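Asks: First to last, the protein sequences are chains G and U. Here this note's numbering is used: the first residue of the first sequence is 1, the next is one more, and so on. Here this note's numbering is used: the first residue of the second sequence is 1, the next is one more, and so on.
Worth flagging that the hints you see were computed from the coordinates, not collected in a lab. Small disclaimer: the values here were computed from a predicted structure and weren't measured. There could be a bad hint or two in this list.
[Stated by the list, open to error] Cβ-Cβ distance ranges computed for the label pairs, FRET-style: (1) U:Lys24 to G:Pro231: 56 to 66 Å; (2) U:Asp234 to G:Lys79: 48 to 58 Å; (3) U:Glu225 to G:Pro170: 19 to 29 Å; (4) U:Lys143 to G:Lys79: 24 to 34 Å; (5) G:Asp201 to U:Ser279: 52 to 62 Å.
[What the hints assert, rightly or not] As a list, the in silico BS3-like pairs of lysine-lysine whose alpha-carbon atoms are at most 25 Å apart: (6) U:Lys143 to G:Lys90; (7) G:Lys207 to G:Lys131; (8) U:Lys30 to U:Lys209; (9) U:Lys41 to G:Lys79; (10) G:Lys213 to U:Lys34; (11) G:Lys175 to G:Lys224; (12) G:Lys131 to U:Lys144; (13) G:Lys131 to G:Lys70; (14) U:Lys143 to G:Lys145; (15) U:Lys276 to G:Lys131.
Note that the Cβ used here is the ideal one computed from N, Cα and C, for glycine as well.
Okay, here's what each chain looks like letter by letter:
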Amino acid sequence: MKKIGFVLLFVFRFLSFAGAQSDSTITVSFIVHYNEKNVDLSDSSFVVTDSNHLQIDALRFYVSNICFLKNGTVVLQEKNSFHLIDASNKSSQTLFIKNNNTSFDEVSFNLGIDSVTNVSGAMGGDLDPTKGMYWAWQSGYINFKLEGKSANCPTRNHAFEFHLGGYQSPFNCLKTAFLKSTNQKNIVVVFDLNQFLSSIDLSAQNKIMSPNKQAVLLSEQAIKSFKIINP
Amino acid sequence: MKIKTVLFFCFCFVFFAFQLATEKPFILPKGWPKPTYDFSKNPLNENKIELGRALFYEPMLSRNNIVSCASCHSQYTAFTHVDHALSHGIEDKIGTRNSPALMNLAWQQLFMWDGAVNHLDVQALAPIANPVEMDENISNVVKKLQHTKYYPKLFYKAFGDSVITGEHTLKALSQFMLTLVSHNSKYDSVMRKETVFTAQENNGYLLFKKNCASCHTEPLFTNNEFKSNGPPIDTTLNDYGRYGITKNTKDSLKFKVPSLRNIEFSYPYMHDGRFKKLSEVLKHYATGVMHNQTLSEELKTPIVLNANERVDIIAFLLTLTDRSFLFNPNFSYPKNLFLEPTKD
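One chain only, chain U, in its complex shape (with noise of 0.2 Å):
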């Protein structure tokens, strides 16, 4: 009996220890709010995470095997993409809004514009199967995975399962996009005191921090709230944004605040690209801002800024630029999985 129970722990001591050694606990920055993501339900590792990656980059997500994740959302535009107002997916069709930024999604409940998809694990599933994106089934995507050479075996590594499902796809898709943190930005140091912000930079915070930050709020610089922030209606696409999903009119034209975290490299700007630059956006909510049932309180009042104020405020702006998030190796293309090692 005895050396039973010795035996028997000394396995459980085996498989725990392998648990542990590709465990990686989420690192949550000092002073942010604790994550919305549950991650009790699917703990960060390693392995989930590294396979996540090789299918953020996989264009078998889509039906003709062209289309990645990455094809709209590009790492060094802070996960987005960049040049299009509005994105295009498979064979050059165009969508009806601008791809959003992927970063800080832990801490986020609802995601799209308008808030159609209510957990992060089951985001994937709208791009892959929207006919102008991806235009393919998640049954399918599992199929043509299962059917590759390497693919069985990172699921194996990740899950302990050679038999791809679209839970473990998906959860490992998440895995990876719960790493997209980006608080390593010149505010962040600021913040942590181990600089100091310029003078201009100073006074476009506290502009900011009275006309921008009850809806940008920090440190994630959204509150995740859906809101109606004036612009005049595109005709060429009545997009009325949360009221098409909730058919609630106190919903009409209401859409997600953005995070300006990277904004310098997001552009361009509003669900539906409309504006290219930083310069543009102030002017709406300065002049642009038209008036509606659900038009956010904030905005009622247009935000009036001088010429030095609108520098200043773009000179904060650029301070959420995170170098340290847009070139981490870690979440570029994952080659060591897919290319052959060179000889050299």
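Here chain G stands alone, though its shape is the one from the complex (with noise of 0.2 Å):
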């Protein structure tokens, strides 16, 4: 009896599957440049060859509500969209999105966790605890994490480490970023590092780790770091 009912159950979801066919997919893209280099972490660190000797060993940060817009109003949204975007790691960092053929000009997202997903407790997939993107002693989200290396800095072993993060105000790091879009099917959001690290003084600034104000003014640096490059 069991049985036929499971084979009742792959054949609803064959026809959903099916069905999901004729639809169209929005491919978004998250890449990290620096100079126009590509930044990949799946195997080594990057490294920048200058007098700063830059060094980067870490970058995870949280996109989540993607939306697609039409002369300013949201026209599809995707659901639960929650995604951990991770230097280290090439299949984070393409997102594939069901579009029922409806035509944009912009996407929007968030960078980090909203404030009620921050208070709704235990969360599965990309928002599990256990993906290091999550503050034990004092419970909340970190929506972007960057650790590496400096010459300017004058901590032990040149190290900085900028965990941001904090849903409550005032110290609410969560951020949207709106950006034009003419491509329909795949989008390549690109984050410029080089831009996010030119706003910061790394020889005065090198360590973040809890919900502040300096946390709130680098999530503003981070979300204008986002482009698109549109042909």
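From these two lone chains plus the hints, build me the complex, please.
Replies: Right, here's the structure in full:
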């Protein structure tokens, strides 16, 4: 009896899958650039050979609530939209979003996790606390994590560490990007790491690990560093 | 078509019957407020509670596989750590606060003395990661559990998936902690009109209602707020409580109002365990309160009680002891899961 049930369930699954084929899919990729060079941390750290000896060891951030807009109005919204983008994990950088042939001219997304999700208990998937993007001592997601080294840092091993997060006023770090897109199929969102780092004086500021004013200011710099390159 | 529909409904029936068999609805004690915990997101289920109970007593949650939740939250002392002003964790390292008693957690919105934790599900992450408590991290805990013989089976039974995740680990722990409801003290029996207070207890109850109940509000014996109750600051700790979380000077020296249920067993008292006896606590509210900017309104006038009144109020506080909670076999170490059954 139970077996037949499973077979039926499989058939239903297949039908719904087949149905989905008629819809188009939007591919959204998030890539990290430093001076036009791709920052890929899959096998090793990213090193810039100049006088600053910049080294990037980790770069991970949450992208959530991806929306597509036409003339400033949301026409398509990804459901359950929470993604951990990790510069050391290629497969995390490409997202597939179902589209029912809606046309749009702009993409928006949040950098980080909203306050409601932040107070809703244990989550799974990319939001699982085992992903290393959750603060244990004071509840809340880390929206953005950048770790590396620079000769400019007067710290131990010249290390810098930016863990940006916080969902409560006045230290709410959630920021939204609105980016124009002419492409309807393959959207490439670039995080310009050079632009972000140029907003920080690493000799003076090299460590953020809790929700505070500096975290809010750097989150504003981070959101400005996202762009879509339209042909 | 018809037969397929029938079969489909049969399948649904079998599936839901299985779910119902293990479902365990949360029982709300009569007259109590609605719980804060959203049970729709983590409905209680016998297998999940049992798994949570195993995890609560699991020393693998710590870096050296020695410290479990129960190390600092022992059932027989209302799930707290007695005899130590400041609780100690891994390798006898001493923390900065007294571990709170665990009970009636479904009615709490914020956890820890300073409200640093915003949901019961994520509460366990704090002691797991704290370098003087368990000094471990949740992803490593998940890996260790996955490599055991029995945990993948228990997770499968609970969640239908033997692949262990942080989410399932934390939700199972919540399930067990949600069952830690203390509502069968003598006080509760009196309220249910099953018994009566002695004259002394009754006088203590009247004094309590007059002097203490605005913060230690019935039936939970806490209003779940953060208050500055005026103990002189301990300069070896410099603990400013809630201020450390909100960075708002209005929250300086505020700590969570603890429940007084099972207070007979949850000594020592205050966030830093500075008082060993209830009489010392009463003395503090009479003559020891230090006036500061954030001091609770209710404490601006000292609570002065005479010797008889002090004895009466303590007699009342002892009616909050709930033996059916302290000795409930469902809350103790799950021997059946970990120990080989003996032949007799």
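Asks: For each hint, tell me whether it holds in the structure or not.
Replies: Taking the hints in turn, this is what the structure says about them:
no. : hint                             : verdict
1   : U:Lys24 to G:Pro231: 56 to 66 Å  : 59 Å, holds
2   : U:Asp234 to G:Lys79: 48 to 58 Å  : 51 Å, holds
3   : U:Glu225 to G:Pro170: 19 to 29 Å : 21 Å, holds
4   : U:Lys143 to G:Lys79: 24 to 34 Å  : 31 Å, holds
5   : G:Asp201 to U:Ser279: 52 to 62 Å : 58 Å, holds
6   : U:Lys143 to G:Lys90              : 23 Å, holds
7   : G:Lys207 to G:Lys131             : 21 Å, holds
8   : U:Lys30 to U:Lys209              : 20 Å, holds
9   : U:Lys41 to G:Lys79               : 18 Å, holds
10  : G:Lys213 to U:Lys34              : 37 Å, violated
11  : G:Lys175 to G:Lys224             : 9 Å, holds
12  : G:Lys131 to U:Lys144             : 16 Å, holds
13  : G:Lys131 to G:Lys70              : 34 Å, violated
14  : U:Lys143 to G:Lys145             : 23 Å, holds
15  : U:Lys276 to G:Lys131             : 42 Å, violated
Checked against the numbered hints given earlier, this structure breaks hints 10, 13, 15; the rest are met.
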